[in-house]
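Participant: From first to last, the protein sequence lines are chains L and B. Quick note on my numbering: the first sequence kicks off at 230 and runs consecutively. Quick note on my numbering: the second sequence kicks off at 14 and runs consecutively.
If you are wondering where the hints come from, they were derived from the structure by calculation, not from laboratory data. The beta-carbon is built from N, C-alpha and C at its ideal position, and this holds for glycine as well. Zero decoy hints are in this set.
Pairwise CB distance ranges, derived in the manner of DEER restraints:
no. : chain 1 : residue 1 : chain 2 : residue 2 : range
1   : B       : ASN284    : L       : PRO517    : 55 to 65 angstroms
2   : L       : GLY473    : B       : TYR400    : 49 to 59 angstroms
3   : B       : LEU174    : L       : PHE381    : 28 to 38 angstroms
4   : L       : VAL543    : B       : GLN362    : 44 to 54 angstroms
5   : L       : VAL386    : B       : GLY29     : 23 to 33 angstroms
6   : B       : VAL293    : L       : PHE381    : 46 to 56 angstroms
7   : B       : TYR400    : L       : PHE381    : 22 to 32 angstroms
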Amino acid sequence: MGLETTLALILLTALTFYALLGGADFGAGVWHLLAHGPTRRAQHQLIGEAIGPIWEANHVWLILIVTVLFTGFPAAYAQLSISLHIPLTFLVIGIVIRGAAFAFRHYDVKDDEVHVRWDQLFSVSSLISPFLLGVILGAMTSGQLYLHDDSFWHAYVYPWLQPFSLVMGLFILVLFAYLAATYLLVETNDPQLQEIFRKRAIGAALLTGLLAEAVLILGEAGAPHLWGDLMTSPWGGLMLFGVGGLTMAAVWLLVIRKFWWARTCAILQIILSIWAWGIAQFPYLVPPHMTVFNTSAPEVTLRFILIAMGVGAVLLFPSLYYLFRIFKGSFLLSHKRNYGHEDRSKIM
Amino acid sequence: MTDLLAARSLMAMSLGFHIIFAVVGMAMPLLMVLAEWRWLKSGQEVYLTIAKRWAKGTAIFFAVGAVTGTVLSFQLGLLWPNFMEWAGPIIGPAFSIEGFAFFTEAIFLGIYLYGWRKVSPRAHIAAGVIVALSGILSGVVVVMANGWMNTPRGFEMIEGLPSNIEPLAALFNPSGLLQAPHMILAAFAATGFAVAGIHAYLLLRQPGNPFHQAAFTIAFVVGSVSAILQPLSGDFLAKRVAEFQPLKLAVFEAQAETQQGAPFRIGGLWNTEHQRFDYVVEIPYALSLMLHLDPEAQVVGFKEFPQENWPPIGVTRTAFQLMVFIGFIMLSLALWGLWLTYKKQPHWQSRRFLQAMVFATPLGFIATEAGWVATEVGRQPWVIVGYLRTAEALTPMPGLTVPLMFFAGLYCFLTWIVIWLMWRHVSATPKQFEMVPAVHEGEPA
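Using the sequences and the accompanying hints, generate a full structural model.
Facilitator: The structure is reproduced here in structure tokens:
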């Protein structure tokens with residue numbers, strides 16, 4: 230396997246981790262916004278405690294993706310930065326507001342009315358970034374980047390303001406919310422909260438399925454390259470069946486209250502979706518012109534960055550495991566465990 | 014406003030905003046760890062209270078630093094795609110190292126903030142140490158990448174394209190190697206003085222409060238050691254700039270004409286019309302002595318270079334002077350504190366000294382910003398000195414004043430909130446130790 234391909238696989242792996250960890254943090258923000266009823270405060274507290282210790286680390290996956298992209302595939306990074314300037318700008322604005330609002334809310338010394346405002350800001354901005362992330366991935370998939378075009382509309386708006394990209398945005402938003410609901414289910418042992426998030430997880434899972442269908446339908450015209458690979462090849466069919474099967478299995482497991490297994494199905498579904506996308510997209514970063522081969526940095530850079538990734542991974546994964554073992558014991562460990570009341574000591 | 018100016022302003026604003034949070038996020042973990050270490054050693058709960066209090070403040074700065082750092086990693090491409098395409102393969106590897114350093118920083122900060130009752134005291138303080146070390150490593154790598162823009166190394170130009178890349182040679186470029194310690198010391202000096210200044214203010218209002226006394230001492234020790242080392246580091250760096258970027262150094266030191274036995278100049282306003290500095294105070298031979306250890310040595314003036322390659326003279330020179338001037342104020346305060354220690358007089362008994370420290374609260378940050386303006390504006394008109402002009406790196410995207418205005422509003426809003434939060438933080442002084450009961454190993458929380 231060539232260096233370019235290896236680096237592309239690392240990018241896809243990092244994207245998978247970002248979706249499973251950072252994506253769930255965004256999704257938790259969606260449920261934060263939708264929290265209502267008598268348990269509203271308890272829902273907010275569960276969400277705050279669930280993401281508090283880990284959201285900073287989860288966010289770094291995105292930074293890693295960006296740095297690997299501009300080091301390993303600088304020409305693609307430059308072109309994407311130009312054509313997708315507008316959604317990328319709003320993506321980072323969403324990221325800034327969400328992170329800052331979360332920090333203002335949770336690391337303040339006092340606890341008073343103003344925290345409601347930070348909560349609102351946090352949850353609203355949690356909608357923007359995953360949606361735009363989906364739009365950007367959609368634009369990369371559809372490959373309608375007009376490289377030399379004088380009209381502002383064609384050069385900077387058309388590449389991403391497409392039905393396919395917009396539906397992709399919605400799909401990613403709902404997918405992350407679905408993932409977050411299944412995580413929250415595993416992290417609480419309050420039957421009332423479990424009931425709430427169980428219903429939401431079922432709703433989100435069904436909506437995810439519908440939107441996935443919409444993505445495929447629009448993909449025929451919007452992203453012909455991806456569509457062709459997924460719909461006409463045997464492995465593509467297998468992947469699609471896998472994703473559909475996992476969604477149905479998750480819904481069934483939610484109905485019979487096997488939360489740990491439902492959560493596992495949601496994780497597998499996301500992994501499978503991302504890798505199906507990645508394999509169908511390969512070797513293109515942005516079809517029909519930019520591949521991992523013709524936009525890559527010189528060999529020496531690729532070699533260097535792969536070594537850095539190898540060394541970094543040796544440090545990173547044990548540290549991540551340690552972090553999750555401390556704060557997410559019930560999350561990592563056996564499904565048979567009865568989720569005894571964890572010491573939910575708040576910060577400080 | 015042209016798009017180039019808008020892009021430069023936006024980049025400057027994002028970096029200028031991020032730098033404050035990065036500096037605090039880099040230095041505060043050391044202060045927290047020192048306080049926690051004192052607690053473990055002495056068992057005095059005041060130190061535990063300090064560590065926890067500082068940890069909350071750090072968390073806010075770290076979070077804002079992290080998200081604004083994310084903005085920068087995107088904005089480099091959004092504003093300067095040609096620069097990134099050019100420089101990514103050469104200096105990008107530095108950022109992949111930084112990525113992992115940032116990972117460990119974020120992971121162990123999570124453990125530090127939320128793990129007081131979940132891990133052993135030893136593991137807890139170790140997490141703090143890892144946060145401090147990886148913060149410093151990220152800072153070093155990022156500044157070395159910036160140094161590469163000043164003294165680009167590790168590639169050859171073949172047919173107009175950078176080829177034969179050596180990422181390590183690029184990373185260990187001459188400027189970066191000395192810029193990095195200067196930046197790290199700046200972070201510790203600025204943060205140490207700011208924290209000491211806040212506690213000095215509170216000590217003036219509540220003399221004898223042991224919380225503020227202990228906090229002041231830790232912050233002042235860190236700040237003053239750095240402030241004493243900083244002029245040395247600055248001197249090494251200036252010699253390096255003189256060697257590799259004589260034009261930039263000449264602008265820093267207001268050296269318009271080439272001269273044997275150059276004086277050190279204080280003050281001065283650049284007169285564009287007559288192409289000279291007005292109102293300069295000169296210390297004879299001092300500049301030659303400082304740069305070349307020889308009072309008669311020749312110092313190259315910036316008029317030797319074509320004017321199209323000059324950076325904006327007034328801004329660069331003024332920023333540089335401001336940085337040096339503040340550096341000396343901070344050095345004097347550090348020495349004053351040292352003198353009080355030598356006389357075995359607790360710092361907080363001298364109201365004068367505390368008042369001076371309150372006055373110095375923002376100085377370190379002003380100096381950091383000024384130093385950054387000096388090095389970045391002093392690099393203009395180049396983005397990669399000698400190879401790529403800033404104007405050539407600009408994105409074709411029109412209408413950049415729109416994001417400029419948007420981000421300006423966002424940063425103003427965030428600044429206001431952080432100042433307000435810090436005010437709440439400071440005004441909610443714990444009354445002795447009643448804030449949080451200490452929790453010892455083995456005890457239920």
